[in-house]
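Undergrad: Heads up: the sequence lines are chains A and B, in that order. So the number in our numbering is just where the residue sits in the first sequence, counting from 1, plus 13. So the number in our numbering is just where the residue sits in the second sequence, counting from 1, plus 13.
By construction, these hints were calculated from the structure, which means they are not laboratory data. Incorrect hints may appear among the rest.
[Claimed, not checked] Between beta-carbon pairs, the in silico distance windows are:
{"hint": "1", "chain 1": "A", "residue 1": "E124", "chain 2": "B", "residue 2": "V154", "range": "25 to 33 Å"}
{"hint": "2", "chain 1": "B", "residue 1": "G100", "chain 2": "A", "residue 2": "E147", "range": "29 to 37 Å"}
{"hint": "3", "chain 1": "B", "residue 1": "S115", "chain 2": "A", "residue 2": "E143", "range": "22 to 30 Å"}
Just so you know, even glycine gets a beta-carbon here, dropped at the ideal spot from N, CA and C.
The primary structure of each chain is shown beneath.
There are 2 protein chains.
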Amino acid sequence: MTVIFSKTCELGLQAVLFLSIKKEKRIFTAGEVSKELKVPKEYVSKVMQILTESGIIGSKKGKNGGFYLAKSPSSIKLIDIVEAIDGLEIFNNCVLGFPGCSNENPCPVHEKWGKLRDDAYKMLSNETLEQLKEKTLHKLVNL
Amino acid sequence: MTVIFSKTCELGLQAVLFLSIKKEKRIFTAGEVSKELKVPKEYVSKVMQILTESGIIGSKKGKNGGFYLAKSPSSIKLIDIVEAIDGLEIFNNCVLGFPGCSNENPCPVHEKWGKLRDDAYKMLSNETLEQLKEKTLHKLVNL
DNA sequence: CATAAATCGGATTTTTTATTCTGATAATAT
DNA sequence: ATATTATCAGAATAAAAAATCCGATTTATG
Numbered sequence: 014m015t016v017i018f019s020k021t022c023e024l025g026l027q028a029v030l031f032l033s034i035k036k037e038k039r040i041f042t043a044g045e046v047s048k049e050l051k052v053p054k055e056y057v058s059k060v061m062q063i064l065t066e067s068g069i070i071g072s073k074k075g076k077n078g079g080f081y082l083a084k085s086p087s088s089i090k091l092i093d094i095v096e097a098i099d100g101l102e103i104f105n106n107c108v109l110g111f112p113g114c115s116n117e118n119p120c121p122v123h124e125k126w127g128k129l130r131d132d133a134y135k136m137l138s139n140e141t142l143e144q145l146k147e148k149t150l151h152k153l154v155n156l
Numbered sequence: 014m015t016v017i018f019s020k021t022c023e024l025g026l027q028a029v030l031f032l033s034i035k036k037e038k039r040i041f042t043a044g045e046v047s048k049e050l051k052v053p054k055e056y057v058s059k060v061m062q063i064l065t066e067s068g069i070i071g072s073k074k075g076k077n078g079g080f081y082l083a084k085s086p087s088s089i090k091l092i093d094i095v096e097a098i099d100g101l102e103i104f105n106n107c108v109l110g111f112p113g114c115s116n117e118n119p120c121p122v123h124e125k126w127g128k129l130r131d132d133a134y135k136m137l138s139n140e141t142l143e144q145l146k147e148k149t150l151h152k153l154v155n156l
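Take the sequences, apply the hints, and build the full model.
TA: Okay, here's the thing in structure tokens:
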């Protein structure tokens, strides 16, 4: 079981982080990313297609093709990837699954969860890939 | 898509909250809970079985049977239900899905997520059903 | 221009999760 | 004591999500 993101989203985040620590415009095949992250090539391919559609990464077909960051690491945030793959519903839905949870008709943990949810959103939307570069580098070399 | 808990866990939380606002030892059939929470009777039945196994609620078979809280609302916490159904892995696993995420080999958001995760855990383990009673009551009458 | 290498995108398979069905069991009433 | 009723609890089914496969297409290179 995953923590809050779908497994596909986790992989998307990992893949984009991987691209962000490499030189700009350097291109990687799904196979290369797959090898580095130790996940199936086909699954990487699938996930990167989704991210290509949403404009976060670019793809080049044919020989010497592959995937690359479409924007600079300083203008991409983790929340962008989450939004592209899982969407933002988790930041709106009731954590207990009650229908119609709102400030007017709150669930028992509405207020407390709201604070946590906002903090999580901030965490994902404040820092850019550029700012995470060093930490990312360190983690990926130790995979 | 759910927020962090499985749908089964959400229903478990709702069902236990429902029982907690009723007089102690009062017994409810799966059908009654189902009607109140507006979810299929069979699914309620299934979820309450799991909670019965883990000792949070009790069950009585036969005519006039049903389910009831096995302990007092002041000694049950939301985390107990989460643990019984989804387990506590979400409080240990890496939010980005990286293997071997730890203080020694942290992912890019390890520290920040750790804080959020601990806050969430606290939220679920600090308050008892008794303390949530009023809020629960208010929410359930408005379903 | 033909070949090789690589993606794309849909289709398929597998796995997990959600939901429903059914038989065994328990309790009440006659 | 037996029949009847209503439950629980496990098994079976359906639905959703994850993972994989494959053919069509694209592009660089010889």
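Undergrad: Run every hint past the structure and note whether it holds.
TA: Against the structure, the hints:
1. E124/A / V154/B: 25 to 33 Å: Because 19 Å falls outside the window, the suggested range is violated.
2. G100/B / E147/A: 29 to 37 Å: holds, 33 Å
3. S115/B / E143/A: 22 to 30 Å: With a Cβ separation near 25 Å, S115/B and E143/A satisfy 22 to 30 Å, so the hint holds.
Of the numbered hints stated above, the single one contradicted by the structure is hint 1.
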